[in-house]
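Trainee: Next come the chains, spelled out residue by residue.
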Amino acid sequence: MSELINEYLGRLKAALSGADPATIQDALCDAEEHLWTALELAREEKPGIQDSEAVRAEIERYGSPEEVASAYLRIGPRFGSSAGGRAASTGRSGPKRFFGVFTDPSAYGALFYMLFSMITGIFYFTWAMTGLSLSAGLIVLIIGLPFLGIFLLSVRGIAHVEGRIIEALLGVRMPRRPIFARKGLSWSGRLSALIRDPMTWKSVLYMVLMLPLGIIYWTVTFISLVLSFWGMLRPVLEYGFDLPYANIGNVAYYTTEWMMPIVMATGVLWLFVTMHMARGLGRMHARMARSLLVRD
Amino acid sequence: MNEMNETEAARKKFRKELKSGTVSLVLLSILSRADRPMYGYQITKNIDSGEGAGPDMGQGALYPVLRSLEKTGQLESRVEPSVSGPPRRYYSITEAGRETLVDWTGAWEETRNFVDAILKGDHDV
Numbered sequence: 001m002s003e004l005i006n007e008y009l010g011r012l013k014a015a016l017s018g019a020d021p022a023t024i025q026d027a028l029c030d031a032e033e034h035l036w037t038a039l040e041l042a043r044e045e046k047p048g049i050q051d052s053e054a055v056r057a058e059i060e061r062y063g064s065p066e067e068v069a070s071a072y073l074r075i076g077p078r079f080g081s082s083a084g085g086r087a088a089s090t091g092r093s094g095p096k097r098f099f100g101v102f103t104d105p106s107a108y109g110a111l112f113y114m115l116f117s118m119i120t121g122i123f124y125f126t127w128a129m130t131g132l133s134l135s136a137g138l139i140v141l142i143i144g145l146p147f148l149g150i151f152l153l154s155v156r157g158i159a160h161v162e163g164r165i166i167e168a169l170l171g172v173r174m175p176r177r178p179i180f181a182r183k184g185l186s187w188s189g190r191l192s193a194l195i196r197d198p199m200t201w202k203s204v205l206y207m208v209l210m211l212p213l214g215i216i217y218w219t220v221t222f223i224s225l226v227l228s229f230w231g232m233l234r235p236v237l238e239y240g241f242d243l244p245y246a247n248i249g250n251v252a253y254y255t256t257e258w259m260m261p262i263v264m265a266t267g268v269l270w271l272f273v274t275m276h277m278a279r280g281l282g283r284m285h286a287r288m289a290r291s292l293l294v295r296d
Numbered sequence: 001m002n003e004m005n006e007t008e009a010a011r012k013k014f015r016k017e018l019k020s021g022t023v024s025l026v027l028l029s030i031l032s033r034a035d036r037p038m039y040g041y042q043i044t045k046n047i048d049s050g051e052g053a054g055p056d057m058g059q060g061a062l063y064p065v066l067r068s069l070e071k072t073g074q075l076e077s078r079v080e081p082s083v084s085g086p087p088r089r090y091y092s093i094t095e096a097g098r099e100t101l102v103d104w105t106g107a108w109e110e111t112r113n114f115v116d117a118i119l120k121g122d123h124d125v
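From first to last, the protein sequence lines are chains A and B.
According to our numbering, the first sequence holds residues 1 to 296 in order.
According to our numbering, the second sequence holds residues 1 to 125 in order.
Just so you know, these hints were derived from the structure itself, not from any lab.
Among the hints, erroneous ones may be present.
[To be verified] Which stretches of chain B does chain A cover? Using the computed rule of at least three CB atoms under 8 Å from a CB of chain A, they are: (1) 87-94; (2) 100-110.
[Said to hold, decoys possible] Example chain B residues on the side facing chain A (calculated, C-beta under 7 Å, incomplete): (3) Gly-21; (4) Gly-58; (5) Ser-68; (6) Phe-114; (7) Ala-117.
Since the model is a prediction, treat every value here as computed from it, not as a measurement.
By construction, the Cβ of each residue, glycine as well, lies at the ideal position given by its N, Cα and C atoms.
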C-alpha cells in the first residue's frame, strides 16, 4: 500500500544520503513508478490479493534500498560537466585554481548566460506582467478563467525551457517533471491543479525577478569585460590609433610608458576575475532557479 | 552448513558480476525488438519471463542502467502521465543505440567463444 511504498522510498532516500540531489531524485522517481505500476498490475491479475502483500513481494524483487542505492551510485552523477568542472578546480594550488578558470567550460557558459539573461529577463518579466494583469482584468468575463489557464500553462512551459537553458549553460541539472501527475483530469481539474500548485506561482516569481537580476548580471558582466579589454588594448589604442584614455578640456591624457605593462597586466588579470565572477554568479543563480523552478 | 552458505554466496556474487556486465546489452536488445517505447516495469517483466537464472540482481538495479544508457545517447525517453499513480518514463532505442547493440553483440560473441573454448579445453594455453 502507499504507506509501504513511501516507507521504502524513505529508506532509499536515506541510503542515498550525500549523493547528488539529481541522482536521489531519479532513484526515487524510478522506484515510485515501478512499485505503483507493479501494485496496479497485481490488483488486476489477482483481485483477491492484499495490497500490503503485493507491495512486499514487489519490494523484495526490486531489491533492498542499499542494493538499489549502490547501483545508482555506480552509475555516477547525472551531470558530468558540472561535477567535472568542480573536480578540476579542487586540489590545486591558488594560482593554478585562479587561472584554471580559463579551461572550465562552465565559466564560459556562465559568462554567456550573464550577458544573455537581460534579454530573457525582459521577455519573462513582460510576459508575466502582461499575463497577470490581463488575467486579473478578464477574470469577471467568461474568457477570464480559460485565459488564466493558458497563461499559467505558458508559465510552466517557460519554466521548463529556462531549466534547459540553465542546464546547458550553467551545468546544473534541473530535473524535468511533468506538470500534471495524473491523466484524465477535466479542464477545470487541470486549471485548479495549476492554480493550487505552488510551483506555478514560484515560476511566476522567478520570471518577475529575472528582470532586475538580468539587468544586474548584464551590467556587471559587461562593464567588467569592457574594463578588462580597455586595459589589455591600451597600447593598440594609444600607439596604433592615437586615442588617449581621457580628454579633459583641451588636454589629452596618455598612459606613461612605465605604466603601460602594469595597465595591460591588470586588464588580463581582470579578465580572469570576470570569469570567476560569472561562474560564481552562475552558481548562485542556478541555486535560486532550482528552488523556484524545480520540485525537489 | 557454513560451507554451503559460502558456496552459495560465492555463486551469487559471481552471477551478479556476470549480469552487471551484460545488463546494458540485454536492455538494448530488448528495446531494439520492441515495436513501441517501453517503461521500466515492462522491461523488467520481459527480462524475468526470459530463460535463465533467477533474479540475482534486483529489478531496481536496471533503472540506473537505463538512465545511464540514455545519458550516453543509446536510449531516449519521455515521461507520460499514467491513468493512476505516478507518471511513467517510456524508453526507446536510438539509431546510435542500434549501432552500439551491433558492436556490443560482436564483443559479447567474441567473449563467449573465448570463454567456451577455454572451458572446453580446446584452446591452446
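Trainee: Against each hint, give a clear statement of whether it holds in the structure.
Mentor: To see whether the hints hold, each was checked on the structure:
For the segment 87-94 of chain B, the assignment as covered by chain A holds, since 3 residues bring a beta-carbon within under 8 Å of that chain's beta-carbons and 3 suffice. Judged by the Cβ-Cβ criterion of 8 Å, the segment 100-110 of chain B is not covered by chain A as claimed, because only 0 of its residues qualify and three are needed. Annotation: Gly-21(B) was flagged as interfacial toward chain A, and the flag is violated, the nearest CB pair being 12 Å apart, outside 7 Å. Nearest Cβ of chain A to the Cβ of Gly-58(B): about 2 Å, under the 7 Å cut. The hint holds.
Against a cut-off of 7 Å between C-beta atoms, the interface hint on Ser-68(B) holds, since the closest Cβ of chain A lies about 5 Å away. Given the 7 Å rule on beta carbons, the hint for Phe-114(B) is violated: about 26 Å separates it from the nearest Cβ of chain A. With a cut of 7 Å, the hint placing Ala-117(B) at the interface with chain A is violated, because the nearest CB-to-CB distance is about 31 Å.
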